[in-house]
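S.K.: Given next are the chains, with one letter for each unit.
2 protein chains.
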Amino acid sequence: MVTIKDIASELGVAASTVSKGLNGGSDISEQLRTAILEKAVEMGYESKRSKKTETRTLAVFIENMEYEKPDQFGYNIVLGFRQAAFKGSWDIDLVPITPEFQKDHPLPLYMVEKHYSAACMLGMALEDPWMGQMDTVQYPTVLLDNFIPVNPMVGSVGTDSSEAMEMAVSHLIELGHEKIAFLDGSAHSYISDQRMKGYLASMKKHHLPIDPNLAIYAYFVEDAAHHHVPGMLDLGATAIICGNDLLAIGAAKCCRSLGFRVPEDVSIIGYDDIPLAAKFDPPLTTIHQDLIGLGRACFYTLHAMLDDVNLNRSMLRPKLVVRRSTAPAVPRLVTKRVESHDSVLYVNPALYTQVAD
Amino acid sequence: MVTIKDIASELGVAASTVSKGLNGGSDISEQLRTAILEKAVEMGYESKRSKKTETRTLAVFIENMEYEKPDQFGYNIVLGFRQAAFKGSWDIDLVPITPEFQKDHPLPLYMVEKHYSAACMLGMALEDPWMGQMDTVQYPTVLLDNFIPVNPMVGSVGTDSSEAMEMAVSHLIELGHEKIAFLDGSAHSYISDQRMKGYLASMKKHHLPIDPNLAIYAYFVEDAAHHHVPGMLDLGATAIICGNDLLAIGAAKCCRSLGFRVPEDVSIIGYDDIPLAAKFDPPLTTIHQDLIGLGRACFYTLHAMLDDVNLNRSMLRPKLVVRRSTAPAVPRLVTKRVESHDSVLYVNPALYTQVAD
Numbered sequence: 008m009v010t011i012k013d014i015a016s017e018l019g020v021a022a023s024t025v026s027k028g029l030n031g032g033s034d035i036s037e038q039l040r041t042a043i044l045e046k047a048v049e050m051g052y053e054s055k056r057s058k059k060t061e062t063r064t065l066a067v068f069i070e071n072m073e074y075e076k077p078d079q080f081g082y083n084i085v086l087g088f089r090q091a092a093f094k095g096s097w098d099i100d101l102v103p104i105t106p107e108f109q110k111d112h113p114l115p116l117y118m119v120e121k122h123y124s125a126a127c128m129l130g131m132a133l134e135d136p137w138m139g140q141m142d143t144v145q146y147p148t149v150l151l152d153n154f155i156p157v158n159p160m161v162g163s164v165g166t167d168s169s170e171a172m173e174m175a176v177s178h179l180i181e182l183g184h185e186k187i188a189f190l191d192g193s194a195h196s197y198i199s200d201q202r203m204k205g206y207l208a209s210m211k212k213h214h215l216p217i218d219p220n221l222a223i224y225a226y227f228v229e230d231a232a233h234h235h236v237p238g239m240l241d242l243g244a245t246a247i248i249c250g251n252d253l254l255a256i257g258a259a260k261c262c263r264s265l266g267f268r269v270p271e272d273v274s275i276i277g278y279d280d281i282p283l284a285a286k287f288d289p290p291l292t293t294i295h296q297d298l299i300g301l302g303r304a305c306f307y308t309l310h311a312m313l314d315d316v317n318l319n320r321s322m323l324r325p326k327l328v329v330r331r332s333t334a335p336a337v338p339r340l341v342t343k344r345v346e347s348h349d350s351v352l353y354v355n356p357a358l359y360t361q362v363a364d
Numbered sequence: 008m009v010t011i012k013d014i015a016s017e018l019g020v021a022a023s024t025v026s027k028g029l030n031g032g033s034d035i036s037e038q039l040r041t042a043i044l045e046k047a048v049e050m051g052y053e054s055k056r057s058k059k060t061e062t063r064t065l066a067v068f069i070e071n072m073e074y075e076k077p078d079q080f081g082y083n084i085v086l087g088f089r090q091a092a093f094k095g096s097w098d099i100d101l102v103p104i105t106p107e108f109q110k111d112h113p114l115p116l117y118m119v120e121k122h123y124s125a126a127c128m129l130g131m132a133l134e135d136p137w138m139g140q141m142d143t144v145q146y147p148t149v150l151l152d153n154f155i156p157v158n159p160m161v162g163s164v165g166t167d168s169s170e171a172m173e174m175a176v177s178h179l180i181e182l183g184h185e186k187i188a189f190l191d192g193s194a195h196s197y198i199s200d201q202r203m204k205g206y207l208a209s210m211k212k213h214h215l216p217i218d219p220n221l222a223i224y225a226y227f228v229e230d231a232a233h234h235h236v237p238g239m240l241d242l243g244a245t246a247i248i249c250g251n252d253l254l255a256i257g258a259a260k261c262c263r264s265l266g267f268r269v270p271e272d273v274s275i276i277g278y279d280d281i282p283l284a285a286k287f288d289p290p291l292t293t294i295h296q297d298l299i300g301l302g303r304a305c306f307y308t309l310h311a312m313l314d315d316v317n318l319n320r321s322m323l324r325p326k327l328v329v330r331r332s333t334a335p336a337v338p339r340l341v342t343k344r345v346e347s348h349d350s351v352l353y354v355n356p357a358l359y360t361q362v363a364d
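Heads up: the sequence lines are chains B and P, in that order.
For the first sequence, this note's numbering assigns the number 8 to the initial residue and increments by one for each residue that follows.
For the second sequence, this note's numbering assigns the number 8 to the initial residue and increments by one for each residue that follows.
Some hints could be false.
The list treats identical chains as interchangeable, and a pair is accepted whether it falls inside one copy or across any two copies.
[Unchecked claim] Pairs of lysine to aspartate or glutamate residues, derived as DMTMM-like cross-links and limited to a Cα-Cα distance of at most 20 angstroms, are as follows:
(1) K46 x D314
(2) K212 x E107
(3) K121 x D78
(4) K204 x D100
(5) K286 x E107
(6) K326 x D315
(7) K94 x E37
(8) K260 x D142
(9) K286 x D78
The hints are simulated quantities; they were obtained by calculation from the structure and are not laboratory data.
Construct the complete structure from the given sequences, taking the supplied hints into account.
M.R.: Okay, structure coming up:
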């Protein structure tokens, strides 16, 4: 059990200062109070400050998203939400849900039963039972990386895909690339769709031709790259933007297995900036998503919606983190197919012939 | 000078209750406290509750936007901002600015000089001197109806144009219209551009052909309609969506002067839902913008940005208000030109010939 003393020692301040921060004392700076509240949440401090008779509890429903350990995708999203909610004096209930749970508990009833004021939905899939109830939801509800039209009670939070894809495409153009492929996640995901739209708009903006065989929906898993990267290389792609970092890692491995060097022969860009992205060899250039910021944005969006502001979209600014998986484009000789015993392989002749530039 | 007693009598509660609401007393409901704070701001109550030593002041810079009287466009935006800021215990300075003022006072210096923590910009034009400084702004800054790429310190608030245009276009399609024109505001405005993109995307989504002569940038004033509406009617448009309500009023008047009835011959949709829209004959079907909500969203976006959440876009959900300026499409006979003494007029033969349907 985390105590005020633990928080104080972690921050290097007196326990009385932490106590003031937690209890709204007036003679400490806003900045310090913020640091105390954030650290308290991060360390799992159990608040006892809720003395109100009124219910002020928000639900965070979570599915298909690992969040229990610091290196898991959902961890910082949940942390950011908790921190912002704690500063705003809201209690939260974190409720892992399955499709079966959703079938057994209609959302409107569950909200009433638990006295929740509003809900945040993390990791939901479009085919989830509760998503089918979004058109008629009566409580402020925020969806991460999903969007529901029309209903003013449902808002959406995410990283701005169009700005992200524009950052990735222009970075590659600055490096001299023109044959830029996009290997996206699942065709049935809202967020894949947004990223594909962003890619197409950005290519068009820069007057680069769009080849349907270089703009492909796959899946958000490493293995999916192997089905599509050979074809992209065959068509002369010198750069591949990927829908997430796992796909990018798969793409890089696939390039190598076919004799292409990354980034010398092919530049690769990921998306998300998961911890693995910086550790991969070469470290991945990727679109950074601010996970703590996403969690906080979910809270602030709900907070505004509770004050009758019908936000339908709150988008965070992406950041392109340039590492070593992107490099200037070099002229590529035509690749040739080599039949192997179990699959079709592609060999880059540039490895064998000196390229004159 | 507004007193606590004034607020109490306006709300029909005791002065002691208002006092509790204003001073954070714990034995009143959150709902009542909210109502008290909102009413106090609406009535212009001068807060004396700020006893903090730290500066917590936000700047609201305003240009090209009338806001002093309740029926002016900016009034409710400013009111919404003030209400949300007051509930969040922030002071605000409302600062009307001109281009000359901006030239004389570089934004970064002005922010430091006045000890502002963050700024909200209302009514700025792209060519304003301060807009040129947005790329390097270091304080959280929010722009209404404008967008600046890349800089994480600058966020954008507005009504979602793509959803708005989709609502307008699908409403007309449900009424049987296919030749749907869009008469937009200035080509050099970010918001016109967003609305045009929304119109084009929505037409495409519904597989309606796009005629460049039916998708026209004009200006956000009533008179601009007269230059473009005749040509649109000549091309067979049975419905005209307009970039704002003034243009819609101009379009309706123009249709009538040419012998077309609204909505029997031509349906018209406006944008904004200014007070005039409901009073016009026929009352305008229009896209409602929640002005109080926009003002509040500006505050909440800044509030999140002050907590290190780099929001680049916070979009409000639009609402289509269906009044009497839209009606089912009727087959239109070909119009013919009639030369008049001072301009080219168009006469709708439907007024003279019985249309068989």
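S.K.: Among all the numbered hints in the text so far, which are the ones the structure does not match?
M.R.: Hints 2, 3, 4, 5 and 8 are the ones this structure does not satisfy, whereas the remaining hints hold.
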